[in-house]
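Protein chains in written order, with our numbering: chain L, 1 to 165; chain D, 1 to 787.
Treat each hint with caution, since some may be false.
[Claimed, not checked] Pair ranges (Cβ atoms, derived): (1) D:Arg-656 <-> L:Arg-132: 55 to 63 Å; (2) D:Ser-105 <-> L:Arg-132: 52 to 60 Å; (3) D:Arg-103 <-> L:Gly-139: 48 to 56 Å; (4) D:Leu-725 <-> L:Gly-139: 16 to 24 Å; (5) D:Ser-105 <-> L:Gly-139: 43 to 51 Å; (6) D:Gln-512 <-> L:Arg-132: 48 to 56 Å; (7) L:Gly-139 <-> D:Trp-573: 42 to 50 Å.
These are calculated hints, taken from the structure and not from any lab test. Think of the CB as a built atom: it goes at the ideal place given N, C-alpha and C, for glycine as much as any other residue.
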Amino acid sequence: MCRHRLARCRRLLGLGLGLLAGCAPPHPGPGGLPPVVSPGVPARPAPAATWPTAPAGGSRLPAVSALAHRADRALAENRPERAAALVERALDIDPANPWLWYRLARIRLRQGARAQAVELARKARSLAGGDRRLEDLAGRLIREAHRPGLLESGPRDAGTPTGRR
Amino acid sequence: MPTARRRAASRRTRKRRTGRASAPRGSGGRRRLRALLFRLLLVSAVLFAGLLVHLDMRVRSRFEGRQWSLPARVYAAPVMLYAGRRLAPEAFAAHLARLGYRRVSRVRRPGEYARDGLRFEVYTHPFRFWDGEAPAHHLHLVFGPRRLERLTAADGRVLDLVRLEPERIASLYPGRNEDRELVRLEQVPTRLLRGLLAVEDREFLRHHGVSLRAILRALVADLRAGAAVQGGSTITQQLVRNLFLDRRRTLTRKLTEALMALLLEAHYDKRRILETYVNEVYLGQDGARAIHGFALASRFYFDRPLKALSDDQIALLVGLVRGPAWYDPFRHPRRARARRNQVLDVFQAQGILTPAEAERARRRPLGVVRPRHFPSNAWPAFIDLVRRQLLRDYRREDLERAGLRIFTTLDPLRQAALARRLPHRLRVLERRRGLPAGTLQAAVIVTGAQTGDILALAGDRGVRGAGFNRALAARRPVGSLIKPFVYLEALAHPDRYTLATRLQDRPLVVPQPDGTRWRPQNYDRRYRGAVLLHDALVQSLNVPTVRLGLALGARAVIDRLRRCGLRAEPRPWPSLFLGAVNLTPLEVTALYQTLANGGFRTRLRAIRAVTRPDGSALQRYPIAVRQVIDPRVYVLIDQALRDVVREGTARLVAERFPGVQGIAGKTGTTDDLRDSWFAGYDGRTLTVVWVGRDDDGPTGLTGAGGALQVWLDLAREHGLVARPLRHPRGVEWHRIDRVTGLRAGPGCRDVIELPFLAGSAPRRTAPCAAHGADRSWWRSLLGGRED
């Protein structure tokens, strides 16, 4: 009897956890960034290899998720300039995708270009289209960038051309 | 003094005296002549030494400094291929043709494609981009009528994304349009080097710059033929001629050439000289572009790298050295083939090829492919902008000689469409207005709405023309295009102005700084009493705008314009509020970019990156944005500009594209219909169009009648992308009675829903609302249905 009750409890617990998992935010990809989702398209869990994405029209573009995925990998390998180039290529395809702008903000913050990171995060937020998660992340990034003492020795701001004159 | 010595001295003196007195005249002249000759010789020797030193300095400075003048190569943005992208198969085929792809029945090598209706098979070229290498891809593409539906590799794998190599749109040359691809000697096939020496200079490894044997042999050949048929120049002499001298056949030049060749050989080894020759030799012409060096010639004639050349192709290139124009394989294929076979005979005689190999090569066709034409400047107006931006960061010398590779933002498909559409539309407008053909001029700039990338640009109605670049240099009054910034300044003060504020549209007299009186009027010369601020902008009413501007102050409006991207400093006169300020289309674009980009000021970008010739990165121009409009205030001005397109002066857009939401823009027209402007944007691009006349005469065109028509042509070509409505916190929407500017109720007939900053909406309800409530109460009482 007691064993039956225990099994039932386990099943209920399992069901509860399953439901909770269903309500969980999208599965973060490598580097801890959320999936690339266009405005108006709800974020949803994605397999690690392909991240869901969609242009403003609603159809999903694997090209953008592939580029975003590669950008995340480049950032994880500490190659921020390469990551930025990949995100800019993705923006050529899907320029109003707020997650791409957020990624660019993250990259600039990593590079120490705090002012530009803040602006890019604002840009991401302005395109978020009610995506609370993205708005929160962008807000967090802006606060992080304003924190005194952060990355004081970073390179100069990305708002100006890089490289030699 | 002893006697003997005295006598002897006296004899010598006498002898000298008598000699002078009695010697015949001829003897003295000879001596003088000898002395003169001696002096002349001395002077000549000094001069010669000076000449030698001078020549030596020339030879060494050229060789030890940078030897090559490598033009900067300017590339358009690459066309990206991915399933789902909007791309018509015809536009794709045209792009492949511009890239120099050859249509074949069976695709085997890079640069070839096959087409079967909507299906393409393409073998792309590998390319080194500024951000990495793109390998060659063998692709299969399936198109719909306007879209790429499917993209797979030849082995059937589905591909997410492929970048085609970019179109080379210009080369920046210093003076002579020399183009080349540098190679090291070890990268050159041995057969080419051996063949070259066998044909051009068999003594190369033995002589010191000049070969007497070769000169004699040439002399004999010339005497036998009775004309100059064979050259006696060594490779070193040829190199000297190419690098330092002109093509005249004078004795002085020949001597200088020989001297410089000797000096060159004295200073540098044979490897260095041969390598320089291989890169320097002139081998053909592509329009204004001169093809120098074997590596570039290999690409130009055969579309393949040097190392992939076959024996017959090597022989053709070696044969071309003697006369690239005379043996031009495209224009004179027979002559070229005969020359190639002659060279193959030499190869065989010198043991470079076996008889069987030579015979096989002789039997082959010429094998040249239509050269990929690289225009020296395909889009002059855009290149003008690129050059201006580059000159901020680079010296002109580096720009034109250092072989930089410049990656721009130009979208080749949009630019090609603009070049096709613009002249046609202007011809139609001229016909409609009864203007003589060629009267109208135009400038168009298309940018990425979010990124600020310049995607297409026209500075003249003939987009390929290199004349006056109106997009960058023509300063014209902007008319009503200025108005959104006046209204933006007002809406930034929600305590004073909202979209529902009523503005007076009644006669107005404004005293001017010069003492005159200005009486602004609306376009239709009517007055409407009082209008909503929203409607005044949407209908582009002049009088309420001037009243609003006067209340705000010209200084505040100018500050607003400058925050939004204006660099000029207009005079703070009231006529500014109606656009009496001269701006270039590029300056207008910078201003509207801020509106198109959600209130973020964005640097307009024509260049993405610059690399060295080897592909290593030199400079990046990243996307940069700055928020300059409060996101809540942005929603207000954006709503008004959306309504300009929905129901205002640009409603033609909504009529033509009824299903696309959120398109915004503003028309502009100046006095006597001299300038016709439209700046409009969708979710993807901002396009600014100016149409007018160079002589400043009237065009008969309003902003909607002229510039907007060009804008619509481009929209039809590329489609429009909707702009979703933004809902930032702190903005609320209310239904407003258009007559009173108060909150509407069920009884109000003329109602509009408008956004307000939280707390700024009118609190009072319009009288019609109550009236409607009464009516609704009666209807419910009578059992009627409420509408």
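request  = Identify every previously stated hint that the structure contradicts and give their numbers, smallest first.
outcome  = 1 and 5
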